[in-house]
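Please put together the full structure from these sequences, using the hints given.
With my numbering as the guide, the letters of the sequence shown map in order to residues 1 to 436.
Read the hints as simulated data drawn from the structure, not as lab findings.
Be aware that a few hints might be false.
Here are the simulated DSS-like cross-link-like pairs (lysine-lysine), alpha carbons at most 27 angstroms apart as the crow flies [claimed, not checked]:
| # | residue 1 | residue 2 |
| --- | --- | --- |
| 1 | K427 | K407 |
| 2 | K179 | K129 |
| 3 | K120 | K171 |
If you're wondering where the values come from, they're calculated on a predicted model, not measured in any experiment.
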Amino acid sequence: MFERPKGGERAILVHITIQGQEEGDIDEIRELAESAGAAPVAVVTGNRHRPDPKLFVGSGKAEEIHDVVKTNDAELVIFDHNLSPGQERNLERLLECRVLDRTGLILDIFAQRARSFEGKLQVELAQLKHLSSRLVRGWTHLERQKGGIGLRGPGETQLETDRRLIGVRIKQINKRLEKVQKQREQGRRSRSRASIPTVSLVGYTNAGKSTLFNYLTESEVYAADQLFATLDATIRRVDIADAGPIVLADTVGFVRNLPHDLVAAFRSTLEETRRAHLLIHVIDAADPEHMQRIEQVNSVLKEIEAHEVEQIQVFNKIDLLEDEEPHIERDSENRITRIWLSAVSGKGVDLLIQAFKEYFGQSFIHCLLKLLPGDGQLRANLFDLGVVVSEQDPQDGGFLLEVSMQKETLEGLEKRFGREIEKIWPKNGQLLATAG
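Here it is, written out as structure tokens:
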């Protein structure tokens, strides 16, 4: 019986078009393979009316793949499809090398790229769920149980032990993720109390989300021209003039047929997207398949129940297009729907800032608050929220604070303290405080 090798780098890519199903992208599976560290040396393509239940491909095509493996001395065959455990085992036996399907490939990339504690746990959880259905024949060097007295061997015992250990580990990871999720929830409640809106960057992988995030936040989140360059959600506060602070969240990129176990594992991270006030859908304008990518991202957004959150489409990488200048597109109600820009050069990013001002500026106020002498606790709360721009000399024992904040935040404070706070509004662009 063929034993699984530990791994390999020289890879054969298999791309089969199934009638009636969405046609995949050969370039994408090649990029995924390279992102995982494999070196694709050949591509085998074909067409089928439906997948073969035993080998996914027909026996003739399987022999063709076997010949290509031998000719190129390959150690790994990667299918741009999801294989059943049985199909994977049968192919490995026939091809005499390791076989990896699309889900396994994406999980491997995620395992390499996860950096945060939560990200590593989420990837391990998805890997264990994927592995649990593929343990059979993992211990072929041991005798297998056939039933009956005296016929029980150590092979089946080892499989049962592995399944039990995997089950225990999955429970441990879920408990740890629950704790992390509670911490995230505390952060969301704090932002909710301060009425700081959240903007989430979403989009197909390698569309330039992290590059745009770095430009807006002046951060140094890892960004590279590769699929799934960053996995862990990163959150930064950005102060927008005339619109107040917003929380910008950079999330994991989406991809066609994103594994369901992975979506489930990253659900707590993607919660930032579901609860966002606004989605910035970053699109690679230079990608000839960008319209299909938009549909695929929207499909994932629907899966995580974020499809009803209002979004603005940002067509990035216009520096790679000829005669394309930064500009804004609006709908019939004069709302911004699309922005064309380049995150690398920064051209057009000011238009995105303008969109933030239009979207959030309507509920933003800038004024002087005149507090009473006994409003020490209210003053402290305003400073804790980070909305105080300056404080003028106290008048009549009270406090005079210049604030920039969301209207909802101020209304919440008034409700909490049971009275309306006296406001002094700017005149001709200047805040004038009256004595007395």
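Comparing the hints with the structure gives:
Restraint check for K427 and K407: the C-alpha separation of about 19 angstroms stays at or below 27 angstroms, so the hint holds. For the hint linking K179 to K129, the alpha-carbon distance of about 20 angstroms falls within 27 angstroms, and the restraint holds. The hinted pair formed by K120 and K171 meets the criterion: a straight-line CA distance of about 15 angstroms does not exceed 27 angstroms.
Of the numbered hints given earlier, the model fails none.
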